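Visitor: Chains A and B supply the protein sequences, listed in that same order.
Letter 38 of the first sequence, counting from 1, is numbered 38 in our numbering, and no numbers are missing.
Letter 327 of the second sequence, counting from 1, is numbered 327 in our numbering, and no numbers are missing.
Quick caveat, the hints were computed from the structure, so don't treat them as lab data.
Note that the coordinates shown come from a computational prediction; the quantities given were computed from them, not determined experimentally.
Glycine included, each C-beta is placed from N, C-alpha and C at the ideal position.
Possibly wrong hints are sitting among the right ones.
Claimed, not checked - Chain B residues, not near chain A, derived (Cβ > 10 Å throughout):
{"hint": "1", "residue": "Asp58"}
{"hint": "2", "residue": "Gln115"}
{"hint": "3", "residue": "Thr210"}
{"hint": "4", "residue": "Pro378"}
To be verified - When the alpha-carbon atoms are kept at most 16 Å apart in a straight line, the in silico EDC-like pairs for lysine to aspartate or glutamate are as follows:
{"hint": "5", "chain 1": "B", "residue 1": "Lys127", "chain 2": "A", "residue 2": "Glu55"}
{"hint": "6", "chain 1": "B", "residue 1": "Lys98", "chain 2": "A", "residue 2": "Glu23"}
{"hint": "7", "chain 1": "B", "residue 1": "Lys127", "chain 2": "A", "residue 2": "Glu38"}
Unchecked claim - Between beta-carbon pairs, the in silico distance windows are:
{"hint": "8", "chain 1": "A", "residue 1": "Asp26", "chain 2": "B", "residue 2": "Asp58", "range": "47 to 55 Å"}
{"hint": "9", "chain 1": "B", "residue 1": "Asn194", "chain 2": "A", "residue 2": "Gly15", "range": "38 to 46 Å"}
{"hint": "10", "chain 1": "B", "residue 1": "Asn337", "chain 2": "A", "residue 2": "Glu55", "range": "44 to 52 Å"}
{"hint": "11", "chain 1": "B", "residue 1": "Ser104", "chain 2": "A", "residue 2": "Gly66", "range": "40 to 48 Å"}
{"hint": "12", "chain 1": "B", "residue 1": "Lys218", "chain 2": "A", "residue 2": "Glu55", "range": "17 to 25 Å"}
{"hint": "13", "chain 1": "B", "residue 1": "Ser351", "chain 2": "A", "residue 2": "Val52", "range": "39 to 47 Å"}
{"hint": "14", "chain 1": "B", "residue 1": "Gly182", "chain 2": "A", "residue 2": "Glu55", "range": "18 to 26 Å"}
{"hint": "15", "chain 1": "A", "residue 1": "Pro79", "chain 2": "B", "residue 2": "Pro48", "range": "36 to 44 Å"}
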Amino acid sequence: MIVVVLPAHLRALAGVTGDVQLEVDDPVTRHSILDAIEARYPMLRGTIRDHVAGERRPLLRFFACGEDITHEPADAPLPEAIASGAEPFYIIGAIAGG
Amino acid sequence: MSNVRVLVGTRKGAFILTSDGKREKWDVSGPHFAGWEIYHVKGSPVDPNRIYASQTSDWFGQIIQRSDDGGQNWFQPGTPAGESTTTPDGMPKGESNKFVYDTSDETGKPLTTHQFYDGTPHPWEFKRVWHIEPSFDDPDTVYAGIEDAALFRSTNGGETWQELPGLRGHGTGSQWQPGAGGMCLHTVILDQNNRERIFVAISAAGAFRTDDGGATWKPINTGLHSQYIPDPTAEVGHCVHHIAKHATNSNLLYMQKHWDVMRSDDAGDSWREISGNLPTDFGFVIDVHAHEPETIYVVPIKSDSEHFPPDGKLRVYRSRTGGDEWEALTKGLPQENCYVNILRDAMAVDSLDSCGVYFGTTGGQVYASPDAGDTWTPIVRDLPPVLSVEVQTLS
Numbered sequence: 001m002i003v004v005v006l007p008a009h010l011r012a013l014a015g016v017t018g019d020v021q022l023e024v025d026d027p028v029t030r031h032s033i034l035d036a037i038e039a040r041y042p043m044l045r046g047t048i049r050d051h052v053a054g055e056r057r058p059l060l061r062f063f064a065c066g067e068d069i070t071h072e073p074a075d076a077p078l079p080e081a082i083a084s085g086a087e088p089f090y091i092i093g094a095i096a097g098g
Numbered sequence: 001m002s003n004v005r006v007l008v009g010t011r012k013g014a015f016i017l018t019s020d021g022k023r024e025k026w027d028v029s030g031p032h033f034a035g036w037e038i039y040h041v042k043g044s045p046v047d048p049n050r051i052y053a054s055q056t057s058d059w060f061g062q063i064i065q066r067s068d069d070g071g072q073n074w075f076q077p078g079t080p081a082g083e084s085t086t087t088p089d090g091m092p093k094g095e096s097n098k099f100v101y102d103t104s105d106e107t108g109k110p111l112t113t114h115q116f117y118d119g120t121p122h123p124w125e126f127k128r129v130w131h132i133e134p135s136f137d138d139p140d141t142v143y144a145g146i147e148d149a150a151l152f153r154s155t156n157g158g159e160t161w162q163e164l165p166g167l168r169g170h171g172t173g174s175q176w177q178p179g180a181g182g183m184c185l186h187t188v189i190l191d192q193n194n195r196e197r198i199f200v201a202i203s204a205a206g207a208f209r210t211d212d213g214g215a216t217w218k219p220i221n222t223g224l225h226s227q228y229i230p231d232p233t234a235e236v237g238h239c240v241h242h243i244a245k246h247a248t249n250s251n252l253l254y255m256q257k258h259w260d261v262m263r264s265d266d267a268g269d270s271w272r273e274i275s276g277n278l279p280t281d282f283g284f285v286i287d288v289h290a291h292e293p294e295t296i297y298v299v300p301i302k303s304d305s306e307h308f309p310p311d312g313k314l315r316v317y318r319s320r321t322g323g324d325e326w327e328a329l330t331k332g333l334p335q336e337n338c339y340v341n342i343l344r345d346a347m348a349v350d351s352l353d354s355c356g357v358y359f360g361t362t363g364g365q366v367y368a369s370p371d372a373g374d375t376w377t378p379i380v381r382d383l384p385p386v387l388s389v390e391v392q393t394l395s
């Protein structure tokens, strides 16, 4: 069971109050995690990555085990600590005023 | 006795203001969707409890929200929380925030670029929904004006959206350019008397009309004169800020352009200037009295770079002669040190016997006049910057 930390606005849209726990088949990748999120919470489709091209929305970043993996290949296997749920997978909105 | 429900979109959420027909005491609910930009909220003329909202964010994109109980509860049509993502026969359900341009050979147009600010070709990119217009006949049929400019329609209550590609593809689309706020289709007007007729306005392309339900379109910008574009009388390229139409007259339109207030008596085939004695003819909002087709309202703004009222005085101007002759309405409005703006979709009228007029400011005030503009009172003073105001008159 992996653990995903969503930005507050996406938690509100998904109707969850804390971290999200998901079953994701091996190999666990950024791609497979996002697929699992969108399957469990269809209201989040289009909010993290584009509907058509599947590209990350520009003001979002992804972190795993303290590393910024935003620009790593989407299908690259993530660290075992993410796959086991020992460490959470972070989706973070860029800090900006407003 | 009738009630009034004012739907307010702001930079940080939606608010719903309700009152009885006296329009003296108001209840305020909100913020709904706190923290999100709510570009527009509008109710169905068929079922006033059906309300659509455009919820958007630079971070998380576009969301369409719907209420079926007058704004008490909201959900994303097509994907309610907790429901399966597929139908019982395994087909994927619709996605209410999916706006995909129609580029198919069968129904779309091979149009791939418009002009960027510098005149270079730029691909169409969906950014947000600026305006939602529910139909007169069916609460499940609703139109959406989007950025980059295109018109979409849903016939299932917002669960899925399809482009009306004849607008972008009618021939001038490759010449359209964005205005300062982006290349947005911000005005959608349906015609109560002619269901096949739709008017739209795009910054900075101009106004367009279809007479066949959206299949084919034509620019309706004859008579517009825009000194800030290379050809001031070009077929397209005009920065139309807003258009208002009287409820029962299919041919009478009023326009607040970047500069100039305009009027058309032939459904946009030709326009003439009616700025008259306005202190400045720059502005964003324009609206028409619910019962008097020749009574119109604007809020003059100083200039295209100084987006605030002249002399720090917030004045609505009313013409009872269909333009040219204007009177300043000031009673109850701040007449010193006021430097707010009133954005293009932030004025509306109710349809009570004594027509109510409402507008919201970038300073977070929503003003109401229960007497057609003679006197004004702030319903609320300290909301986030107001993006849009709509009114429902409830029996």
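Visitor: With d taken as the least Cβ-Cβ distance between B:Gln115 and chain A, does d exceed 10 Å?
Guide: Holds, since 22 Å exceeds 10 Å.
Visitor: Does the Cβ distance between B:Gly182 and A:Glu55 fall inside 18 to 26 Å?
Guide: holds (20 Å)
Visitor: Check the following: the C-beta atoms of A:Asp26 and B:Asp58 are separated by a distance inside 47 to 55 Å.
Guide: Given about 35 Å between the Cβ atoms, the range is violated.
Visitor: How does the Cβ-Cβ distance of B:Asn194 and A:Gly15 compare with 38 to 46 Å: does it lie in that range?
Guide: Once the Cβ atoms are compared, 42 Å apart, the range 38 to 46 Å for A:Gly15 and B:Asn194 holds.
Visitor: Verify the proposed pairing of B:Lys127 with A:Glu55, using a straight-line Cα cut of 16 Å.
Guide: holds (14 Å)
Visitor: Does the hinted range 39 to 47 Å hold for B:Ser351 and A:Val52 at CB?
Guide: Once the Cβ atoms are compared, 41 Å apart, the range 39 to 47 Å for A:Val52 and B:Ser351 holds.
Visitor: Evaluate the given range 40 to 48 Å for the C-beta pair formed by B:Ser104 and A:Gly66.
Guide: holds (45 Å)
Visitor: Is the Cβ of B:Thr210 more than 10 Å away from each Cβ in chain A?
Guide: The claim stands: B:Thr210 keeps its Cβ more than 10 Å from every Cβ of chain A (closest is about 26 Å).
Visitor: Holds or violated: 17 to 25 Å for the Cβ distance of B:Lys218 and A:Glu55?
Guide: violated (36 Å)
Visitor: Given a hint of 36 to 44 Å, does the C-beta separation of A:Pro79 and B:Pro48 actually sit inside it?
Guide: Distance hint for A:Pro79, B:Pro48 is violated at roughly 54 Å.
Visitor: For B:Lys127 and A:Glu38, compute the direct alpha-carbon distance and say whether it is at most 16 Å.
Guide: Answer violated: B:Lys127 to A:Glu38 is near 20 Å, above 16 Å.
Visitor: Mind verifying the non-interface call on B:Pro378? Its CB should be farther than 10 Å from each CB in chain A.
Guide: The claim stands: B:Pro378 keeps its Cβ more than 10 Å from every Cβ of chain A (closest is about 25 Å).
The earlier numbered hints that this structure contradicts are 1, 6, 7, 8, 12, 15.
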